[in-house]
Amino acid sequence: ETKMTQFNNNAKFYSIKSFEWKSVDGVYWVFGFRAGNGPRKVSLICHLDTVPPGNNEWKPFEPRCETRIYKGVPTEFLIGRGSIDDKGPAVVAFEAFTRAVKKANESSTALDNVTLEVLFDTSEETDMSTSHYFDAKPTEKPTFGIVFDALWSIRAEKGIERPIFTINSKDVKSTAPTSALKIDRLFTSEGSTNMIPVTAEAHITSTDKELVSNFAKNVDAMYRACQFDDPQYHPADISVKHLSDFEVVIITKVAGAQHGSAPHQNRATGANPLVSITNFLASLVDRDILANNYYGEMCRFIRWAFGTHVFGENQPDLLKRYDSIFSEDNGTTYGLTKLSDNSDNVSLYIDIRYAIGHHEKGWDGSEGKIEGNSLFKKVFETLVKQYYFETGGAKVSVKTETVFGPDIRSPRNENLFNIDMAYRSIMGENCPMQAIGGATDAHGYLELATAGALFTDSLGTPVNYHGLDEGAPITDLENSGKILLYLLTQELQLPEKPQSDHAEIHVCHGCAI
1 ETKMTQFNNN AKFYSIKSFE WKSVDGVYWV FGFRAGNGPR KVSLICHLDT VPPGNNEWKP
61 FEPRCETRIY KGVPTEFLIG RGSIDDKGPA VVAFEAFTRA VKKANESSTA LDNVTLEVLF
121 DTSEETDMST SHYFDAKPTE KPTFGIVFDA LWSIRAEKGI ERPIFTINSK DVKSTAPTSA
181 LKIDRLFTSE GSTNMIPVTA EAHITSTDKE LVSNFAKNVD AMYRACQFDD PQYHPADISV
241 KHLSDFEVVI ITKVAGAQHG SAPHQNRATG ANPLVSITNF LASLVDRDIL ANNYYGEMCR
301 FIRWAFGTHV FGENQPDLLK RYDSIFSEDN GTTYGLTKLS DNSDNVSLYI DIRYAIGHHE
361 KGWDGSEGKI EGNSLFKKVF ETLVKQYYFE TGGAKVSVKT ETVFGPDIRS PRNENLFNID
421 MAYRSIMGEN CPMQAIGGAT DAHGYLELAT AGALFTDSLG TPVNYHGLDE GAPITDLENS
481 GKILLYLLTQ ELQLPEKPQS DHAEIHVCHG CAI
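For what it's worth, my numbering labels the leading residue of the sequence shown as 1, then goes sequentially.
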């Protein structure tokens with residue numbers, strides 16, 4: 001608001017006006033700024049909310065700049081929670097917007113046919129306010145909107161499914177002696193379902209001090225010797241605490257990419273602590289080192305259904321799908337992201353990003369979201385029945401919900417064509433057209449296209465999308481700002497200036513931060 005007032009004090013023809021919308025119950029809220037009078041509305045859409053910080057050790061709320069190796073080159077990064085998803089890009093979008101309006105003030109007619117806008121969603125990571133805003137006020141949908149929240153750029157987003165698998169304590173009867181070692185608690189650190197957890201924690205107890213003492217001494221060696229389903233699998237780092245004479249705590253820690261949409265990236269170069277600890281504990285139950293109970297059954301179910309894999313390789317007939325848009329190395333993924341427990345049950349939450357073959361309707365070649373629900377309700381009913389009959393394990397209940405189906409655009413889509421033109425003008429090459437796990441505010445709206453701010457499809461180190469030490473490559477933010485500014489100024493239909501005119505947005509060195 002302060003910058004808007006300062007801008008308007010010097011505006012010759014066009015001032016900037018603020019706007020906002022809240023749902024009646026106050027749950028959904030978007031706000032933004034716009035300028036111009038034209039019927040063609042061009043909007044930059046960002047979001048300001050973030051996922052939980054994971055922990056405070058990396059100072060997530062203290063923005064700073066530091067040098068990291070990025071694409072093999074020392075690169076300056078903006079560090080802090082939301083720096084790349086999506087507070088950093090939001091600042092860049094606002095800066096590009098204000099500079100475009102400043103340029104519009106060179107002519108009294110520049111914004112007669114177009115309205116420029118920057119919009120901020122306050123709950124994209126949870127409730128996605130933008131879609132509710134457009135549903136409530138369809139006339140506010142832009143003619144052309146860029147959702148500035150991902151990569152350059154997106155032509156397809158997978159569907160999303162969020163199942164919860166639960167095992168009840170009453171459904172598992174143990175025949176082990178009461179003094180046997182057992183899993184007394186098993187849970188992950190606080191976080192959202194779309195975020196691979198920072199830690200997973202198991203509490204192992206017994207009434208026998210000697211059993212507990214010996215277990216504490218040997219658990220690290222047993223973990224290192226554990227035969228996971230893939231000899232190349234790299235398990236999460238482990239720490240062991242002998243909490244008392246009767247209790248040992250095992251903690252596994254995350255490494256690599258943490259975004260739930262890309263568990264394959266986490267598995268390739270990092271480790272999911274929930275996957276590692278449950279597969280390990282399942283092996284101890286098999287060997288009767290731990291007495292089986294409802295926690296042990298959950299570990300055995302996870303190992304049977306998913307193992308350490310993320311593309312459904314353990315149960316391919318039910319879980320593995322890929323197609324011409326979402327290729328074999330980018331098909332349906334299963335991100336095991338959350339485990340919660342109490343004295344009655346233990347529940348597993350999975351972030352699924354799914355390919356066309358897991359949807360009840362196929363793709364007919366048209367653009368936009370494929371309507372309908374996924375096939376997962378039947379898939380999971382079959383899955384848990386097979387587990388029960390094949391292994392003799394516990395009954396697993398499942399609840400599942402389709403968030404939405406896949407969304408597919410043609411690379412020749414008009415909006416993507418405009419983005420490609422701007423990208424080529426600034427970067428000197430064609431813009432990649434990527435299919436991702438999604439989902440962004442563009443999902444389901446043909447008026448919108450997702451583009452920027454990253455110039456890589458790697459969400460892990462050193463960017464750490466959704467994770468610890470989240471960072472935004474400043475070169476990516478600056479180049480993204482140039483592309484956005486080019487796109488907006490093209491809408492003004494003013495005489496072109498040399499390309500250097502678009503190279504003005506400097507992150508951490510100017511008014512953008």
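Simulated from the structure, these hints should not be mistaken for laboratory data. For every residue, glycine included, the Cβ atom is placed at its ideal position computed from N, Cα and C. Don't take every hint at face value.
Within a straight-line C-alpha distance of at most 20 Å, the following computed SDA-like cross-link-like pairs (lysine to any residue) qualify [as the list claims (entries may be wrong)]:
id	residue 1	residue 2
1	Lys378	Ile325
2	Lys395	Gly362
3	Lys320	Gly362
4	Lys141	Ser397
5	Lys209	Ala176
6	Lys41	Leu494
7	Lys385	Gly362
8	Lys217	Asp245
What follows is a set of in silico ranges between Cβ atoms, one per label pair, in the way DEER data are often shown [to be verified]:
id	residue 1	residue 2	range
9	Gln493	Thr126	31 to 41 Å
10	Val24	Asp220	21 to 31 Å
11	Gln493	Thr139	48 to 58 Å
12	Lys173	Leu243	23 to 33 Å
13	Glu190	Thr109	30 to 40 Å
14	Pro316	Ser425	22 to 32 Å
15	Asn55	Glu429	34 to 44 Å
16	Glu62	Lys12	14 to 24 Å
17	Thr456	Lys12	49 to 59 Å
Structure-based check of each hint:
A distance of roughly 24 Å separates the Cα atoms of Lys378 and Ile325; the hinted pair therefore is violated under the 20 Å criterion. For the hint linking Lys395 to Gly362, the alpha-carbon distance of about 32 Å lies beyond 20 Å, and the restraint is violated. For a cut-off of 20 Å, the pair hint linking Lys320 to Gly362 stands: about 16 Å separates their Cα positions. With a C-alpha separation of about 41 Å, the suggested pairing of Lys141 with Ser397 is violated against the 20 Å cut-off.
A hinted pair counts as satisfied when its Cα atoms are at most 20 Å apart, and Lys209 with Ala176 qualifies at roughly 17 Å. The hinted pair formed by Lys41 and Leu494 meets the criterion: a straight-line CA distance of about 17 Å does not exceed 20 Å. Among the hinted pairs, Lys385 with Gly362 is inconsistent with the structure: their alpha-carbon atoms are about 26 Å apart, more than 20 Å. Distance hint between Lys217 and Asp245 is fulfilled; the C-alpha atoms sit about 13 Å from each other, no more than 20 Å.
At roughly 39 Å, the beta carbons of Gln493 and Thr126 sit within the given window of 31 to 41 Å. Against the hinted window of 21 to 31 Å, the Cβ-Cβ separation of Val24 and Asp220 comes to about 56 Å, which falls outside the hint. Checked against the hint of 48 to 58 Å, the C-beta distance between Gln493 and Thr139 comes to roughly 24 Å, which is inconsistent with it. Between Lys173 and Leu243, the C-beta spacing of about 27 Å keeps the proposed range 23 to 33 Å intact.
Separated by about 54 Å at the C-beta atoms, Glu190 and Thr109 break the suggested range of 30 to 40 Å. The supplied range of 22 to 32 Å is broken by Pro316 and Ser425, whose beta-carbon atoms lie about 45 Å from each other. A hinted range of 34 to 44 Å holds for the C-beta pair Asn55 and Glu429, which are about 39 Å apart. For Glu62 paired with Lys12, a C-beta distance near 39 Å fails the hint of 14 to 24 Å.
Taking the beta carbon of each, Thr456 and Lys12 are about 40 Å apart, not inside 49 to 59 Å as hinted.
Going down the numbered hints, you'll see the structure goes against 1, 2, 4, 7, 10, 11, 13, 14, 16, 17, while the others check out.
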